[in-house]
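**Q** With the sequences and hints as input, model every part of the structure.
Here the protein sequences come in this chain order: A, B and C.
Each residue of the first sequence is one higher than the one before, counting from 4 in the numbering used here.
Each residue of the second sequence is one higher than the one before, counting from 5 in the numbering used here.
Each residue of the third sequence is one higher than the one before, counting from 7 in the numbering used here.
These are computed hints drawn from the structure, not numbers from a lab.
It cannot be assumed that every hint is accurate.
[Stated by the list, open to error] Stretch-level coverage of chain B by chain A, calculated; a stretch enters the list once three of its residues show a Cβ under 8 Å from a Cβ in chain A:
#1 26–38
#2 55–66
#3 69–78
We put the CB at the ideal spot given by N, CA and C, even for glycine.
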Amino acid sequence: MEIILFIITALIALASALMVITRKSPIASVLFLVLTFVCIAVLYVMLGAQFIAAMQIIVYAGAIMVLFLFVLMLLNLRGNQGWENISPARIGLGFAAAGLLLLVAVAWLKTAGSMEVAGLDPEMGTVSAFGDVLFQRFLLPFEIASVLLLGAIIGVVAMIKRKPLAELGEDKEGKVS
Amino acid sequence: MTLGPGWYLTLSALLFCIGIAGVLTRRNALIIFMSIELMLNAVNLSFVTFGRYLPDANGQVFVFFIMAVAAAEVAVGLAIIVTIFRHKESVDIDKVNLMKW
Amino acid sequence: MSPASGLNLTPFIPELVLAGGLLVLLIVELIARRKRGIVTAIGGSILLVALVIISLAGNEKVGAYMFGAVVQDGVTLYFRVLFALATLIAVGIMASTFKKEGEPYILVLASVMGMFLLAGSNDLVTLFVALEMVSIPSYVLAGYRRHDPRSGEAALKYVIYGAFSSGLMLYGFSLLYGLTGATGFAEMTEGLKGALSGSPAHLVGIILIMAGIGYKIAMVPMHFWCPDVYEGSPTSITAYFSVLPKAAGFAALFRIAPLIASLKPFYGISAVGLITLLSAMTMTVGNLGAIWQNSLKRLLAYSSIAHAGYILMGFAVIVSGDKPELHGLAIQAVMMYLVVYLFMNLGAFLIVDLVERRLGGDGIGYFKGLGKSNPLPALALAVFLFSLTGLPPLAGFIGKFYLFAAVVKAQMWTLALIGIANSVVSLFYYVRVIRDMFLHDPTPATDGGIGSFNMGKLTAVLTLVTVVPTVVLGVFWNTLAEWLKLRLM
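**A** Structure below.
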């Protein structure tokens, strides 16, 4: 039963991932990306990672996708979306590179097959178990992440804020003396 | 047949490669970013899989950090795309090519 | 380790100073907008305080902190001093460009805080978060010349390549995590010695991680972004890029070197072979690319790629790992080189920035006849370029000497020969610039622009700060070498 659920979810995830990179319109890509994210959330639940599954829906399918859609609407790309001029050589190159990596990645699965498989620890994915690890062992990275987010906020504001050229404060005085 | 780590890891590898193919072939900056999100999700899937079968809770915590950082990266990236769009009226990275690569 | 000792905050005083400084700067920026100088002054003094604190902290508090997330040792201390020193000079260079806005300084402080943590990272999670903390503010800094579309393009290329390569690196992390079941470097190195270490996953994982770190240090084949980002960014920011995030990448490489060294030969690919190949490719592509450049910023970008290649030579010795005394020698050589590189590269960009601000461009035409119209900046630039070539008696020679000594002692003859051939090639394009500066009269095209200009007090001081070590370290390098040796004990 579990295996059937996995196969169905995995196929939907793969198909929609392929749609993401082949659609002409970015909006279609975003919607397929959301579908991929939801499928992955299902897999997280099957892997016993409930908290991460919830985060996946809230952060990825929720916040990040809304951000993407918002920018798409803001830029109003409908006029000039169209297929980009992609040379067949580039497509070939891209897929060849990806295929090569896939080959290597799948080759090592033989090694993974020999991995000792432990039973599912039902406690591991719960919020309390997660919090225990996060706020002990990984307290420092957690704190750094907060400063990182502050830096990103300042960066975005600095990027979007536009000043007239005259106020840019470039040093032009004493150009030739 | 039983559902083992190999199944999840194969899916993760496939998703990762689809992401890479997207980054290398598409020229629309927004779709490139979406492909990068696909790559990161593949990474997350493989972390959670390893965490489940080792078993070890650190994998899930790593995923948490990847999510937080990816959100910041996407926000900055989209801000940059918006500023470029104001100049160029395009998100095609070939049209933004003033300097040679 | 008990939770109480895990929460010891004393080793984090420099980071706390930086975080506090960042917030103070943010508030000052909001209150005292457009008051020139204030923000720069405060930013500089915060860094100065952090620098003093690190220098005084000494080597006493060696050990792992925060539940093993960071480790405090000689290497941590060395990199923190290096970052603080380089940032101090870089902020000085930026002060001439960004006079009325505080955001660039805030972003630099956030980035430097990431570097400080990176220097001591002892865990994949810490390494990843710190590395991204270095990168994310940098993306914005690259796009800071808002009226110039090239700057936006630089930012876009930087962020796309950055996010892509961090995706690659993370997949590598996940493979190694799967093999070892740990995220701490010590446990991982131990785990990788086990049965699974010869597996393809180990090799793929290492290659992917090298791709991610290689992006930070502009290593071939992850170097494509480098010339464009360096050219498009504001020159003072380029100065910062060429030294700080690059040194941060090398700090990360130091931390994961044991993981790379644990790679057993697989289909004839060994850890040493991999790094040797990357090093040779990086310096060759960098030096050959630089020959054709007419923009000084692009030329220095390619030259900085080449220098990453030289530094990787040291890492090739570090990961060879069978002889401990060679190991120490190579680490010392890399540390020496980074210090020397800091002064000469920041100095070179300082003069390029000065010429660009005064004359309006960084093309080689703007430098023709500079030796006649403005002898002092031209002389300083000549010193930096000669030092970058590695000619005695300048600091660059000593840096290269230590690196080559380590490579030769490890009997990596091919790599040494490639390195020497590359140094000869580099002489060609560095000297071309120097020849243009001193042996040419100002060309008619730039005639209107080229006249004598005053350097400005700040630039003059910074030139002195960078020229003096470049010359002095070339003669009295022993003090530095001894200090570094002590850090490694």
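**Q** Which of the listed hints are broken here?
**A** No numbers; nothing is violated.
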